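Novice: Mind docking chain B on chain A? Use the hints.
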Amino acid sequence: MEAVYIIVNLLVFLGLAPLFEGIIRKITAKVQSRQGPPIYQPYMDIFKLLGKTTINSADNWGFKFAPMMAFASIVSVIAFFPLANKANYLTQYADIITIIYLLTLGGIAVLLGALSSKNTYAMIGASREMITMIMVEPVLAMTLIMGAVKMKSLGIDITMFSINSVGYGWSVALMLVVYLAALQAFVGRPPFDISEAEIEILEGPFIEYSGPNYALFKYYMMLKQMFYAALFVMVFIPFLNTGIYIVNLAVQIVEIGVVFGFISLIGSTNARLRIDQAIKFYSVLIVLALCAVGLSVYGI
Amino acid sequence: MSADIYGNLLTAMAVLLLSAIVVPFFSDNRKLAGWLNFALVAIAGIILLNISYASIFGDESSVFDLGFLSLTGMMDMSNIAISIGSFKLFMLLDSFSAFFIGLIIFMAIMSAFYSMQYMEHYPDYSMKPFYVNFPLFICGMIGLVTLDDLSVGFTIAWQMMTISSYFLVKFEFKKAENVKSANKYLILMELAWLLVVVGGFLIKGAGLGDSVHELTYKLGETGPVMTYFVFGLILLGFAFKAAIFPFGQMWLPDAHSIAPSPISALLSGVMIKTGIYGIIRTFFWMVPHTEGAHFNGTFWGVVIATFGVVTLFIGTVQSMKQSDIKRLLAYSSIGQIGYIVLAVGSSLVMFHSESEFVKLMGLIAIVGAIYHVLNHAIFKGLLFLSAGSVLYATGTKDMNKLGGLLKVMPISGIIAGIASLSIAGVPPFSGFASKWTIISTNLLAGSEVLFLVVFGIIALFTSAVTLSCYVKFFGLTYTASGAEWNIKKEIKEVPGTMIAPKAVLTILCIVQGLIPFFYYTTIIDIFSKSQGSIFYHTFRTFDFSKYLDTTAMGVSLTGMSGIATSVAVPVVMVVVFAVAFLIAWALKNSAGSTERKADTWLCGYQDLHNLTRYKESNMFSALKSFLWWTGGNVKK
Chain A
1 MEAVYIIVNL LVFLGLAPLF EGIIRKITAK VQSRQGPPIY QPYMDIFKLL GKTTINSADN
61 WGFKFAPMMA FASIVSVIAF FPLANKANYL TQYADIITII YLLTLGGIAV LLGALSSKNT
121 YAMIGASREM ITMIMVEPVL AMTLIMGAVK MKSLGIDITM FSINSVGYGW SVALMLVVYL
181 AALQAFVGRP PFDISEAEIE ILEGPFIEYS GPNYALFKYY MMLKQMFYAA LFVMVFIPFL
241 NTGIYIVNLA VQIVEIGVVF GFISLIGSTN ARLRIDQAIK FYSVLIVLAL CAVGLSVYGI
Chain B
1 MSADIYGNLL TAMAVLLLSA IVVPFFSDNR KLAGWLNFAL VAIAGIILLN ISYASIFGDE
61 SSVFDLGFLS LTGMMDMSNI AISIGSFKLF MLLDSFSAFF IGLIIFMAIM SAFYSMQYME
121 HYPDYSMKPF YVNFPLFICG MIGLVTLDDL SVGFTIAWQM MTISSYFLVK FEFKKAENVK
181 SANKYLILME LAWLLVVVGG FLIKGAGLGD SVHELTYKLG ETGPVMTYFV FGLILLGFAF
241 KAAIFPFGQM WLPDAHSIAP SPISALLSGV MIKTGIYGII RTFFWMVPHT EGAHFNGTFW
301 GVVIATFGVV TLFIGTVQSM KQSDIKRLLA YSSIGQIGYI VLAVGSSLVM FHSESEFVKL
361 MGLIAIVGAI YHVLNHAIFK GLLFLSAGSV LYATGTKDMN KLGGLLKVMP ISGIIAGIAS
421 LSIAGVPPFS GFASKWTIIS TNLLAGSEVL FLVVFGIIAL FTSAVTLSCY VKFFGLTYTA
481 SGAEWNIKKE IKEVPGTMIA PKAVLTILCI VQGLIPFFYY TTIIDIFSKS QGSIFYHTFR
541 TFDFSKYLDT TAMGVSLTGM SGIATSVAVP VVMVVVFAVA FLIAWALKNS AGSTERKADT
601 WLCGYQDLHN LTRYKESNMF SALKSFLWWT GGNVKK
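Taken in sequence, the protein lines are chains A and B. Numbering follows my numbering, with no gaps: position 263 of the first sequence is 263. Numbering follows my numbering, with no gaps: position 432 of the second sequence is 432.
Hints in this document: simulated from the structure, not taken from any laboratory. This structure is a prediction, so every number in the text was calculated from the model and none was measured. Cβ coordinates follow ideal geometry from the N, Cα and C atoms, glycine included. Please note that the accuracy of each hint is not assured.
To be verified - Facing chain A, a subset of chain B residues (Cβ under 8 Å, in silico): (1) Val453; (2) Lys588; (3) Thr600; (4) Phe626.
Just chain A, with the same shape it has in the complex (with noise of 0.2 Å):
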């Protein structure tokens, strides 16, 4: 019976990522005073695109394995993910540091993909995305490893977890402003869209990616922005467990709404940094989620 619950978590992320991100494209036109797309777009985006030609520039295997790459590192993660509180089958078989490492092997898909392609927009892309990685991932380890120091475990439901057995304390709460700092950068949006900039590099690591090539690379970015969404209410929005799964499930789903109604606004209402600013940006969070975790060792 664990099994189904893998297939509803697939299906739960498979299933309303474009929503999401078709709500972001929606709150975003409102806020710019535009009519916008339906806000089933993005649907349509993915079924148009799956049906296109592939335009293929780069001739090499680097090129077309990539998007799949991508799209599968992040289906896995959602495979072991603990949604609506209920860990599956698949959760004991990982840990956070595999979790973590999954997350980063889709972001070397896109870098693969885009170094593959040959052409120098994507390049610039990949350095900046790559820069990014090194820089942000450190916030999401943290994130995950202050509950592991405090329950001394690295198992994913039982680290995500640990503020239902150990409380609010002032280390998750300087985790928890850490955390919504770096979101908009773990899911590659406004003012940390540096590495796509689509005025700027046009797309920058998917210039040369078409049809079914581009539509999975698409929903791998639906789907990671997603995930950032689930895991901020995983960990830092327990407290509405009412034990029964399909309840849990329904509650955490507007939760993620309104997180990705927070992702839309911070992203429509500020512009781009450049990189080096970004940067320092990014190591005053590391240097604050340093502390959190330090806190966290001493109880506080």
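Specialist: Same frame as chain A, but now just chain B:
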């Protein structure tokens, strides 16, 4: 250990010495000399691998009976020493040294096989010095991990290793800067030797040729200040050898990048590990345990772990800045050594802790250290052989000039890709398993010792930087573009004799990642069979299965035990990923999209050529300038 094992060890070393004498006579016939060198190294190798196997797995009946060829007669088995008149040269061959013997000789065989073809691209250089020094170098390293003193035997082995490797590093002596780098290497290694030997003689009443066992006893009588000096000097000496920051930066990048690639593979893969061997032997074995001895385990643990964490961060960041492939790999060796040193140091701290939980983490951390020694030897060896293949095929190792080799060198490309994934610690490849162990033990022990969690986080952060190094290495060498305009000659895939050893190492990279628990149990076995270490008894009496399978690693499997769990975890990960990949593949092909070729689109620039492409010097430039203070910068 039985007399046969020591006899065979001496025989194998004699074969290596014989090779150094005989093979140079044939050096004008390059093919013959290459095969002869390989054959003799392989013969010694088989004997040594057999010894290694028998000692690690405790299966003494499997030791070869070499009959009259076994040099058992030279051994004085009551003292386990070679007797020269009244003088005794003490030896020690336990599971721990057997592990290093196996590692050294295995990489030596791979390197010898690879160099047969590789050395062909030095037509202007005589092969004589190479064939004299190659077996001597191996023999020196074997000696260093088996001779058991800090004066005479140590000196013989160290000098044999250092001087022969000096000539190997200096192989391309016609370039003036190479000679300079090699000289620097020699001087610093002699300094390291001096530090260790002086450290040994500061022990109260230490005599020439005292075995480490005696030294440990005498160390118990040495005063507190002197004890700090002894350990400090020995640590410093081995720190030079192991290339710990800031000592490694003084010689390693220069020496490792100029040596012929199969030699670089040995230098980075195994030679610097002899420094790690020395550190572990000193701080876990040569520890006085008598009443009133002055050894402060926690203090030395903190010192070593701090060195480790600084080394891994600085080394890896410097590696990210390099544009020369071999310099990138060399700096990255410093970074990876940092992980090992961190694990050794933090293990020492944890083991001297009061808490049972932290103590247990200490045991697992040292297992992680040895596991990373093994993994790093394999993938760094493989990466240097890959760099050698690039150099062989294109004649350059400058990433600004390379790019797009995947199309012309597909097999080498895939191999380099797997090696890069391994060192970057991507699951399920080998680097992941050992870094996972090192980082997770530090994080978990950090729940009681704050600085360890900080070290663990820095190590985790650094593994993202490692990833960036190898994304750059693979991306700019094998994918991207550039070689078509900058390399004048026709680029071809390297010959099969160069691919074969790389293929073997590639398979190991995958195997070592897929069955980590086999390696855990083997390494635990090694420690529980090697007498005299501070945690010998703990390792013998502790039941790891419960902890390794459940708590420590965060995977808590019910209804499974032992080997089933060990295989289950990586296999599940691979299966999940494979299924996810199939979903992706099905989605991609769901609408029957067709494909057509087109040129790269550069938004108005006419086409992609040497002036419009993206070069290495631009890669990560913002991060490079943000981290300029770590040094190792490359001038534009």
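Novice: All hints are to be evaluated individually against the structure, with a verdict given for each.
Specialist: How the hints compare with the structure:
no.	hint	verdict
1	Val453	holds, 6 Å
2	Lys588	holds, 4 Å
3	Thr600	holds, 5 Å
4	Phe626	holds, 5 Å
The structure meets every hint from the earlier list without exception.
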